[in-house]
Amino acid sequence: MEVVDISLRGNIILVNAAVLFFMLVTALTNSWQAFGYLTGLSLSLWLITGAMRENKLGPAVWIGVSVFVIWSVCITLIFKYWAEFRGQFPEFTIAGMHPGFFILFPVMWLLIFIPGTLSYALLFDRWIMTEDDWKEFCRKTGKEGEL
Amino acid sequence: MSAPITIAIVIGYFVLTFAIGVYALKRVKTAEHYFGAHKLFGTVITSIAAFASIMSGFGFIGGPGLVYALGATSLWITLAAPLGFGLGWFLIGKRVKLISEVRPIATLPDIAAARFKSEAVRALLAISLVLGVIAYLGTQVMAGGYVVSGLLGVNLEVAILIIFGITMIYTSIAGMAASILTDFFQGLVMLIAAVGVLIMALIMTGGTEGLFTTIGQKDPTLIDPLGRGTWMLVLMWYFVFTIGGVGQPHLATKFYALRSYKDLKWGALISGGSYMLSSLLWIFVGYAALWLVIGGKIPALTKPDQAAIAFLSQMPVWMVAIVYAGLLAAIMSTASGFISIGTAALVRDLPKSFGKEVEHDRQVWWGRVVTILLTVFALIFGYFGKYLVAILGALGWGYFASATLPLLAIGLNWKRATREGAIASLSLALVLNIGFLIYEKVLGMKMPYAIPSYGISIIVALLAMIVISMFTKGAAEEDLDPDIRAAIEA
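Chains as they are written, first to last, in my numbering: chain P, 139 to 285; chain S, 465 to 954.
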């Protein structure tokens, strides 16, 4: 088989393929807790894939790690409180909400927004698409002066 | 029939929407403007339009109904937004925008064909889009008709003609430009409705303390983080509705409508933030309806989908009017986007893929004709289709995601992704979705552990793209066109 030079981003996609495969296995065997953590890992890898450059991770790794950590901590707590108070009114509530529900909404919902979506605007000018990136793109496509 | 003020506000909404849609014609100068609103709008309009087209009528009626019936189960769909919109911008926003800067892009098949240098990919994607569009529109016909019929006191057939006639006319006149501009207006209406509903729901129930305690003491399952569903269901839903957002054509098409690459910057925040705000309606209306029933203020609902209507029955008339306008906005914004996408696939992509391109200066004319034909066909299908609508209606979010996600999320980020991988993933997506449809809807079988079948389809399609690409070479690496390569490397 021909040796193929795969970029760093390509390698991350391949790792994600392995994660997706195991997601399929855990889904079909109802290993929902494992599926849950793999879901967070896959989504984090997708985020890194989109946020990184071809061979440079830059802040993408921090965005991905943040999402994975937030997701993993939150679903661990969600699973814990769901199991602890299953079928009964919880021993304590937060603003009237079941503690597991409160972690799901609003905690995880708001926390994931920061690295998952807000970070795009914060990183845009200095990482995602700088002026130099734009000039380089115009140069590579022969569109300098036109765009 | 509703109160006079409700009717007046709804009619006012219809008139304004129509006027805005027709006004968009001023922007349409080329076929690319008509089919894709190519480089026509800035950040705010496009981002709000993106959120509006994603938030369909389901978020106003179906979602609260599921909360009423199942508790928190369905929330794992709508709570995916904070990550889903970001993923869309990160994974494909920049790349789609850059490609549209150097190519006359007006459709997703245009992008797919440019990336994979394949008219077969264009054709397969166009067919997939048309099938999904017709299936989706079919499900909206009766739903939209019943809403307008109840509001205006007209019969169902007239109601269907009103809501979809208006949508058809402005979309036919100004294509995607009309769709985006009206989506922007409709998005604002939805936001006002959502915020109003949230405030009223919390006032009515005494805040989250009163709301959840009342419900929880009657049935604790309804307030826990899972509800009556299964963990496999909710976790797969979260996955499907985050990553799946990237593959939704009505989101992806917005990127080439942006005027400049700089317009990408605030898009995810505006779009995602708007969706998060409007999803509060999904969450709180369902729970508020439960609170009303448990508290004996209204009788128990015979159907969960009545939850939103039951909640509105306790609201002031002006609030009801705004929410109904929001609901109509949600239905029409998604419908117009899909009509535009389906028309573009039929007029531009399918003929092109068979080597028979419609003359460029006739494309807009044909676009108008096909918009009308497509809408009429969808109306007939939706009205008479019944059993077939119920089956095909399941082709929705997951179907689109499994078709386009491999092409966009992988194809635009990985130079190693090949034409053969794209064709394989597209074909598998179609076969799997239709196969699961037959398995579940025709044969009446159930997926194990309540796994959403489209989750399986999405994962398998992604794997197919990656694995097949490792063993093939078409349109990969050195074979990429230089401008496509530059967009992927940027």
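The hints are simulated quantities; they were obtained by calculation from the structure and are not laboratory data. Where a beta carbon is used, it is the ideal one built from N, C-alpha and C, also for glycine. Heads up, a few of these hints could be off.
[Claimed, not checked] With a straight-line cut-off of 30 angstroms between C-alpha atoms, the simulated BS3-like cross-links for lysine-lysine are:
{"no.": "1", "chain 1": "S", "residue 1": "761", "chain 2": "P", "residue 2": "281"}
{"no.": "2", "chain 1": "P", "residue 1": "281", "chain 2": "S", "residue 2": "850"}
{"no.": "3", "chain 1": "S", "residue 1": "767", "chain 2": "S", "residue 2": "910"}
{"no.": "4", "chain 1": "S", "residue 1": "493", "chain 2": "P", "residue 2": "281"}
{"no.": "5", "chain 1": "S", "residue 1": "850", "chain 2": "S", "residue 2": "905"}
{"no.": "6", "chain 1": "P", "residue 1": "273", "chain 2": "S", "residue 2": "581"}
{"no.": "7", "chain 1": "P", "residue 1": "273", "chain 2": "S", "residue 2": "905"}
[Said to hold, decoys possible] Partner residues are not named here, just some residues of chain P that face chain S (Cβ under 8 angstroms, in silico):
{"no.": "8", "residue": "199"}
{"no.": "9", "residue": "242"}
{"no.": "10", "residue": "265"}
Evaluation of the provided hints:
Straight-line distance between C-alpha atoms of residue 761 (chain S) and residue 281 (chain P) comes to about 66 angstroms, which puts the hinted pair past the 30 angstroms bound. About 53 angstroms separates the Cα atoms of residue 281 (chain P) and residue 850 (chain S), which puts this hinted pair outside 30 angstroms; it is violated. For a cut-off of 30 angstroms, the pair hint linking residue 767 (chain S) to residue 910 (chain S) stands: about 22 angstroms separates their Cα positions. Of the supplied pair hints, the one linking residue 493 (chain S) and residue 281 (chain P) holds, its CA atoms being roughly 23 angstroms apart against a limit of 30 angstroms.
Simply put, residue 850 (chain S) and residue 905 (chain S) have alpha-carbon atoms about 13 angstroms apart, close enough for the 30 angstroms limit, and the pair holds. At most 30 angstroms may separate the alpha-carbon atoms for a hinted pair to count; residue 273 (chain P) and residue 581 (chain S) meet this at roughly 26 angstroms. With a CA separation close to 53 angstroms, the supplied pair residue 273 (chain P) and residue 905 (chain S) exceeds the 30 angstroms bound. Annotation: interface hint on residue 199 (chain P) violated; nearest CB of chain S at approximately 13 angstroms, more than 8 angstroms.
At about 5 angstroms, the closest approach between the beta carbon of residue 242 (chain P) and any beta carbon in chain S falls short of 8 angstroms, and the interface hint on this residue holds. The interface hint given for residue 265 (chain P) is violated, since its Cβ lies 11 angstroms from the closest Cβ of chain S, which is over the 8 angstroms cut-off.
Of the numbered hints listed earlier, those contradicted by the structure are 1, 2, 7, 8, 10.
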